[in-house]
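J.: Please model the entire structure based on the sequences and the hints provided.
Protein chains in written order, with the numbering used here: chain W, 1 to 176; chain R, 1 to 354.
Just so you know, these hints were derived from the structure itself, not from any lab.
One or more hints might be untrue.
As the list claims (entries may be wrong) - Think about it this way: if two alpha-carbon atoms lie no more than 25 Å apart in a straight line, the pair counts; the simulated DSS-like pairs of lysine-lysine are:
| hint | chain 1 | residue 1 | chain 2 | residue 2 |
| --- | --- | --- | --- | --- |
| 1 | W | Lys164 | W | Lys112 |
| 2 | R | Lys303 | R | Lys183 |
| 3 | R | Lys183 | R | Lys171 |
| 4 | R | Lys171 | W | Lys164 |
| 5 | R | Lys303 | W | Lys170 |
| 6 | W | Lys171 | R | Lys303 |
| 7 | R | Lys182 | R | Lys171 |
| 8 | R | Lys160 | R | Lys182 |
| 9 | W | Lys164 | R | Lys295 |
| 10 | R | Lys182 | R | Lys303 |
| 11 | R | Lys160 | R | Lys295 |
| 12 | W | Lys163 | R | Lys303 |
| 13 | R | Lys255 | W | Lys164 |
| 14 | R | Lys295 | R | Lys255 |
| 15 | R | Lys276 | R | Lys303 |
| 16 | R | Lys255 | R | Lys160 |
| 17 | W | Lys163 | R | Lys295 |
| 18 | R | Lys171 | R | Lys255 |
| 19 | W | Lys66 | W | Lys112 |
Note that the structure is predicted; figures quoted are calculated from it, not measured.
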Amino acid sequence: MKDLEDQILVRQALEADPESFGELCRRYYHSLVAVADSILLDHHLSEDAAQEALAAACRQLPRLKKPERFGPWIVAICRNVARDMLREQQKQRTPIDDRRERKCDVENDNQKAILAEALQQLPQHLREVIFLRFYNEMSYRQITNVLGVTEQVIDGRLRRAKKKIGDYLKKMGFRR
Amino acid sequence: MKHENNNQWLDPMLDRHIHREPEEFDFEKWAEKHPEEARLLRNGYKNSGRDAKMKPSEIWRFIMESKVTRYSAAAVIVLAMTLVLFNPFWTPGNGGIVLADVRQKIADTETMIIRGTKTFMNLSKDDNVIEINGLRCEFDLVKYSSKQLGLVEEGRVDGKLIYRITFNRPKRQAVLVLPPWKKYGAMAATDEQMRLMENLSPEGIINMLLAGDHKKLGRDMIDGVEVEGFEFQQPDLFVDLFPKPIFDIQTLEGKAWIGIEEQLPIWIEGDFIFGKSLLTLFNEVRLHEVNVVEKYDVDLDDKIFDTDVPEGYTEFGLSDILPFIPVEAKAGIAGLALIPAGLIFWRQRRKKKL
Numbered sequence: 001m002k003d004l005e006d007q008i009l010v011r012q013a014l015e016a017d018p019e020s021f022g023e024l025c026r027r028y029y030h031s032l033v034a035v036a037d038s039i040l041l042d043h044h045l046s047e048d049a050a051q052e053a054l055a056a057a058c059r060q061l062p063r064l065k066k067p068e069r070f071g072p073w074i075v076a077i078c079r080n081v082a083r084d085m086l087r088e089q090q091k092q093r094t095p096i097d098d099r100r101e102r103k104c105d106v107e108n109d110n111q112k113a114i115l116a117e118a119l120q121q122l123p124q125h126l127r128e129v130i131f132l133r134f135y136n137e138m139s140y141r142q143i144t145n146v147l148g149v150t151e152q153v154i155d156g157r158l159r160r161a162k163k164k165i166g167d168y169l170k171k172m173g174f175r176r
Numbered sequence: 001m002k003h004e005n006n007n008q009w010l011d012p013m014l015d016r017h018i019h020r021e022p023e024e025f026d027f028e029k030w031a032e033k034h035p036e037e038a039r040l041l042r043n044g045y046k047n048s049g050r051d052a053k054m055k056p057s058e059i060w061r062f063i064m065e066s067k068v069t070r071y072s073a074a075a076v077i078v079l080a081m082t083l084v085l086f087n088p089f090w091t092p093g094n095g096g097i098v099l100a101d102v103r104q105k106i107a108d109t110e111t112m113i114i115r116g117t118k119t120f121m122n123l124s125k126d127d128n129v130i131e132i133n134g135l136r137c138e139f140d141l142v143k144y145s146s147k148q149l150g151l152v153e154e155g156r157v158d159g160k161l162i163y164r165i166t167f168n169r170p171k172r173q174a175v176l177v178l179p180p181w182k183k184y185g186a187m188a189a190t191d192e193q194m195r196l197m198e199n200l201s202p203e204g205i206i207n208m209l210l211a212g213d214h215k216k217l218g219r220d221m222i223d224g225v226e227v228e229g230f231e232f233q234q235p236d237l238f239v240d241l242f243p244k245p246i247f248d249i250q251t252l253e254g255k256a257w258i259g260i261e262e263q264l265p266i267w268i269e270g271d272f273i274f275g276k277s278l279l280t281l282f283n284e285v286r287l288h289e290v291n292v293v294e295k296y297d298v299d300l301d302d303k304i305f306d307t308d309v310p311e312g313y314t315e316f317g318l319s320d321i322l323p324f325i326p327v328e329a330k331a332g333i334a335g336l337a338l339i340p341a342g343l344i345f346w347r348q349r350r351k352k353k354l
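T.: Written out as structure tokens, the structure is:
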């Protein structure tokens, strides 16, 4: 089952084969956690978001028009779930950003704190590709499957993201 | 392709900061936590009563429930529709200039800046440019498009900003501001509305257009760039999307010129004819639009896609657009309103008799 393509697994899942959906879950779970983490900046919440995204995808599976694009589709769902969670967090007045800042203060690790800030100031789509690359050491090819864009795009985003991070660190007086 | 020496000194730092040993996904545990979904997977979807396609009635409900429609902000939707139809990712039919490559390139392009014109003409008045309170609806356009952040269209007359419409994708918001009148219209999309919006996304539009016929126009030069042209007609494109009394797209004709080397659209122009409907304020309207792609893949500031309404602006309502509806159409609207009013009166009388 591990070698089966996404579209076959989707088709089988639609025909009452739970294990096919399970395989899709295993295939994309780590990417979903990384994407959610790039939005929520909280690992435990990101796991919840990834699990919720899988549930939403399960409910909406018949709406998926191109089963071969299951990866980008479920990632889009996960982004929405994570953004909703972030909004909820902000409503409850426990902003994740604040919590992260507090965590950094406690750690008293200046370099880490500056890097966290540098990541925070990145546009979401650049932060996402950084998290996918470094969270689970995903290859360009794997990221391509997940985001549905070419390796060239991934490379461009990574370069832009790292340039922005590098510029920010230099601006903050960080030395290599 | 990969730029090996590009800020590589950051890699170990980023790795230490972000990397985690991932836990394996436990499907059994997930299924226990989500019994409803697990049941769906076990029993299959055929009898679940879920409909994969959005029915016209749902689209109708979407339109009627939207705040924009409730306030009869017809102009917003007309502008929004034309914006989406003429967004920079738009390409013509299948075949020809390796359209698969063009499609891929469009899919890979992150941002674009477009310039052009948008002219609204009154069909019943010999194609005269429509004037609203002395303002000629002949706009100079600038469009900013980002796959991640959304779309912005600004319309100017004599250099003065008349309207700015922003679709902010992450925030799921659409806002139209009209600086000369200090008015705005805003719409926050629900999940259902976002799904509908997805169908009107660049990719969705491309897919719809790929279903249609086109004619090759041959090669030409635009500003020193060698291009190949396509002409197409899609009168039935949105037949099922809106009921005709709401939005009646009668014809849609367009030409797109694609750079042979760039494999991306360079020049796009088109004509729409809209019949008398609510969203054209009961006028027959011809829209001519020209889009020239100025830049691809440039850094666009997030602030461009900001949906904050400037201070001192008020939301527009029905009273703001009533003056622009022709008298005969107003009578029609009044007539429509009499039907439910008559029904209520009849029901009340019937109750009393019983």
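J.: Taking the hints in turn, state whether each one holds.
T.: Status of each hint after checking the structure:
Between Lys164 of chain W and Lys112 of chain W the CA atoms are separated by roughly 16 Å; this keeps the pair inside 25 Å, and the hint holds. For the suggested pair Lys303 of chain R and Lys183 of chain R, the alpha carbons sit about 20 Å apart, so the restraint of at most 25 Å is met. Distance restraint check for Lys183 of chain R and Lys171 of chain R: the Cα-Cα separation of roughly 21 Å lies within the 25 Å cut-off, and the hinted pair is therefore satisfied. As the CA atoms of Lys171 of chain R and Lys164 of chain W are separated by approximately 23 Å, the hinted pair is consistent with the 25 Å bound.
Proposed proximity of Lys303 of chain R and Lys170 of chain W is supported: the alpha carbons are some 24 Å apart, at most 25 Å. For the hint linking Lys171 of chain W to Lys303 of chain R, the alpha-carbon distance of about 21 Å falls within 25 Å, and the restraint holds. Between Lys182 of chain R and Lys171 of chain R the alpha-carbon distance is near 23 Å, which keeps this suggested pair within the 25 Å criterion. Using a Cα cut-off of 25 Å, the hinted pair Lys160 of chain R and Lys182 of chain R holds, with the two alpha carbons roughly 14 Å apart.
For the suggested pair Lys164 of chain W and Lys295 of chain R, the alpha carbons sit about 21 Å apart, so the restraint of at most 25 Å is met. Of the supplied pair hints, the one linking Lys182 of chain R and Lys303 of chain R holds, its CA atoms being roughly 20 Å apart against a limit of 25 Å. Note on Lys160 of chain R and Lys295 of chain R: the hinted pairing holds, with a Cα-Cα distance of about 23 Å set against a maximum of 25 Å. Of the supplied pair hints, the one linking Lys163 of chain W and Lys303 of chain R holds, its CA atoms being roughly 20 Å apart against a limit of 25 Å.
The straight-line distance between the Cα atoms of Lys255 of chain R and Lys164 of chain W is roughly 39 Å, outside the 25 Å bound, and the hint therefore fails. Proposed proximity of Lys295 of chain R and Lys255 of chain R is supported: the alpha carbons are some 20 Å apart, at most 25 Å. The suggested pairing of Lys276 of chain R with Lys303 of chain R is violated, with an alpha-carbon distance near 37 Å, which exceeds 25 Å. About 29 Å separates the Cα atoms of Lys255 of chain R and Lys160 of chain R, which puts this hinted pair outside 25 Å; it is violated.
For the given pair, Lys163 of chain W sits about 21 Å from Lys295 of chain R by alpha-carbon distance, which is consistent with the 25 Å threshold. The hinted pair formed by Lys171 of chain R and Lys255 of chain R fails the criterion: a straight-line CA distance of about 33 Å is larger than 25 Å. Restraint check for Lys66 of chain W and Lys112 of chain W: the C-alpha separation of about 41 Å exceeds 25 Å, so the hint is violated.
When each numbered hint is compared with the structure, violations occur for hints 13, 15, 16, 18, 19.
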